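Protein chains: 2
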Amino acid sequence: MNIAIVGSTGAVGQELRQLLHERSFPVTGVRFFSSPRSAGKQVDFGGTSVTVEALPEDGNLGAELVFSSAGGSVAKAHARAWAEHGALVVDNTSAWRMDPNTPLVVPEVNADAIDTHAGIIANPNCSTILALMALAPLHRAFGLTRATVATYQAVSGAGAKGLDELTRMTRAALDGTPAEPEVFEHSVAFNLFSHDSDVGEDGYNVEERKLLLESRKILGVPDLAVSATCVRVPTYRAHAEAIHAAFERPVSDDEARAVLASAPGVTLVDDRAGNRFPMPLDASGQDNVLVGRIREDASLPGGIALFLAGDQIRKGAALNAVQIAEAWLERGRPGGR
Amino acid sequence: MNIAIVGSTGAVGQELRQLLHERSFPVTGVRFFSSPRSAGKQVDFGGTSVTVEALPEDGNLGAELVFSSAGGSVAKAHARAWAEHGALVVDNTSAWRMDPNTPLVVPEVNADAIDTHAGIIANPNCSTILALMALAPLHRAFGLTRATVATYQAVSGAGAKGLDELTRMTRAALDGTPAEPEVFEHSVAFNLFSHDSDVGEDGYNVEERKLLLESRKILGVPDLAVSATCVRVPTYRAHAEAIHAAFERPVSDDEARAVLASAPGVTLVDDRAGNRFPMPLDASGQDNVLVGRIREDASLPGGIALFLAGDQIRKGAALNAVQIAEAWLERGRPGGR
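From first to last, the protein sequence lines are chains A and B. Counting along the first sequence from 1, when you hit position 9 you're at 12 in the numbering used here, and nothing is skipped either side. Counting along the second sequence from 1, when you hit position 187 you're at 190 in the numbering used here, and nothing is skipped either side.
Heads up, some of the hints might be wrong.
[What the hints assert, rightly or not] Calculated Cβ distances over 10 Å to all of chain B for the following chain A residues:
#1 22
#2 77
#3 79
#4 86
#5 87
#6 150
#7 194
#8 229
#9 279
#10 284
#11 299
#12 308
#13 330
[Said to hold, decoys possible] Just a few of them, taken from the derived set where beta-carbon distance is under 7 Å, the chain B residues facing chain A:
#14 102
#15 103
#16 104
#17 145
#18 148
#19 195
#20 197
#21 230
#22 264
#23 265
#24 267
#25 270
#26 275
#27 301
#28 310
[To be verified] Derived CB-CB ranges, DEER-like:
#29 A:174 / B:164: 20 to 28 Å
#30 A:167 / B:338: 32 to 40 Å
#31 B:79 / A:279: 43 to 51 Å
#32 A:251 / B:146: 46 to 54 Å
Simulated from the structure, these hints should not be mistaken for laboratory data. No experiment lies behind these values; they were computed from the predicted model shown. For glycine and all other residues, C-beta sits at the position ideal for the given N, C-alpha and C.
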């Protein structure tokens, strides 16, 4: 299969290249695209050096499968054209997620939605993917009605430049030298702050709204209630989330644990005696989402509280996109043009 | 007034010395006590050098007011004896908090409880104090019934050695040199983890249980439901908390904001357009607790969500203790032996 990656030099683009190679994705040819600024650069694909190209104006990427990871405005403007030239576009951006004709897919949750695509399949927001890896199996078993989520989001959500900024600002803070934030509004060194996305009239920011709207679409529960507080913390790659969930019927912690223990893509890390639970450092570089602190909600009888950590670049972005492509192949390359 | 500080060389002890001087507390004499290891050390009190003493065995600290900040086991063993020698003991540890004869006080919330002390007044857990600075005014206005709290707790909760460990581990991580955690179980460098306190059979750890039980006692609501997830994050001094609260009647965000805007010890930081909300860096060194992200709870009609940050060493510990002593003086030094 001829594949293309648009946005191939960023943090997610780099992870996509690595994952396609690692997972022996059936690749016959690759084309890597980027902004004109990075065009001409050499990047690695499984030990081979590949020259990065600028996007062609006609929208013909010469690929059957396009991973789109260059930002929402690029995807909004061009993804339809790429699809019209015969590609399935797996879009990592927010551009098409809420489009009614575009499936929004976490393969462990709603792989069947792939069958009805119209050229584009959207990869959900990172926080949403990670939350649903735990909430979707519980939903299938008990019927999720509402959830509150407090996130601890790594700087990788802002890409490679977010990673660099955490290093630069932290080093300056330790050395006592002045440094100004460039990627984030506020210093990320030994600090944390409300997510760097616009805040709406209801007081929720865009990231929090994604958690609500995307969860509803993926789970197929239009009246699902999700209230999130999204916070950026000084960690590199992996997000964590503290979640309280309520269901159609009371759920015991043993029932919840049994469901999560057999959930695909989930690793239980729930050692109460050893005080070992999901941590970003442990989740970094892992495919699975780590879930623990599973307990009955002391404030809501019948509800469940839990804590999770998952690699934002991997399952929160690149891995989920590759898994969408893998599921599309397994399902016989359905739909599309 | 002759005062004593037990545990005078730790992070909270140092802050207590500074605050007593800064706030012109009516001090005629000071005695600073510490572990035998630190005895003989010179510490500063308002520009004067004072020699730290080992605790006398007879329990007579020669003080009318004792700030106890040397750990729960010391307070458990000796606070009663200090009080029997005529001192009011303001205890920063967890030793006496749930004792039915010991008031547990946040002066802005329940200063009247001071009048019924029996020699000891307990200073609440840091996370509880900060949460109640926002929740108590809302409770008075609307009747709090339940709350979920996710914390983002600074390393200062583990004292001066916690602060040192964050610096040491972070520097090692940046330099790529090996380093082992000593204070915490896990690396705190660019990582976060479930609070380092024992986990009970119900899955809640000791810190989370404090938030439940101490809130009930301070607010005088025995059936208050509080479910907390307490998490240690790589920040130095100030804790943050994401809170969802439900009340006896539906509350609008305007009503909640109006109450919090006039709440003593609270500074509203709720700039939606500028995306500026409470941050640990802004809260560090401040007396007031910063509160923002005030919005109606999208998952619980009538409920309120908010985010706060407060200096753990200051309002979370030393400042609240000094304020208890100040309130005791203002109320005419009630009770006691």
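Evaluated hints:
no.	hint	verdict
1	22	holds (23 Å)
2	77	holds (24 Å)
3	79	holds (23 Å)
4	86	holds (34 Å)
5	87	holds (38 Å)
6	150	violated (6 Å)
7	194	violated (4 Å)
8	229	violated (6 Å)
9	279	violated (8 Å)
10	284	violated (4 Å)
11	299	violated (7 Å)
12	308	violated (6 Å)
13	330	holds (30 Å)
14	102	violated (23 Å)
15	103	violated (22 Å)
16	104	violated (26 Å)
17	145	violated (16 Å)
18	148	violated (9 Å)
19	195	holds (6 Å)
20	197	holds (4 Å)
21	230	holds (4 Å)
22	264	violated (15 Å)
23	265	violated (20 Å)
24	267	violated (24 Å)
25	270	violated (16 Å)
26	275	holds (4 Å)
27	301	holds (4 Å)
28	310	holds (6 Å)
29	A:174 / B:164: 20 to 28 Å	holds (23 Å)
30	A:167 / B:338: 32 to 40 Å	violated (58 Å)
31	B:79 / A:279: 43 to 51 Å	violated (29 Å)
32	A:251 / B:146: 46 to 54 Å	violated (28 Å)
In the structure shown, a violation is registered for the earlier hints numbered 6, 7, 8, 9, 10, 11, 12, 14, 15, 16, 17, 18, 22, 23, 24, 25, 30, 31, 32, in ascending order.
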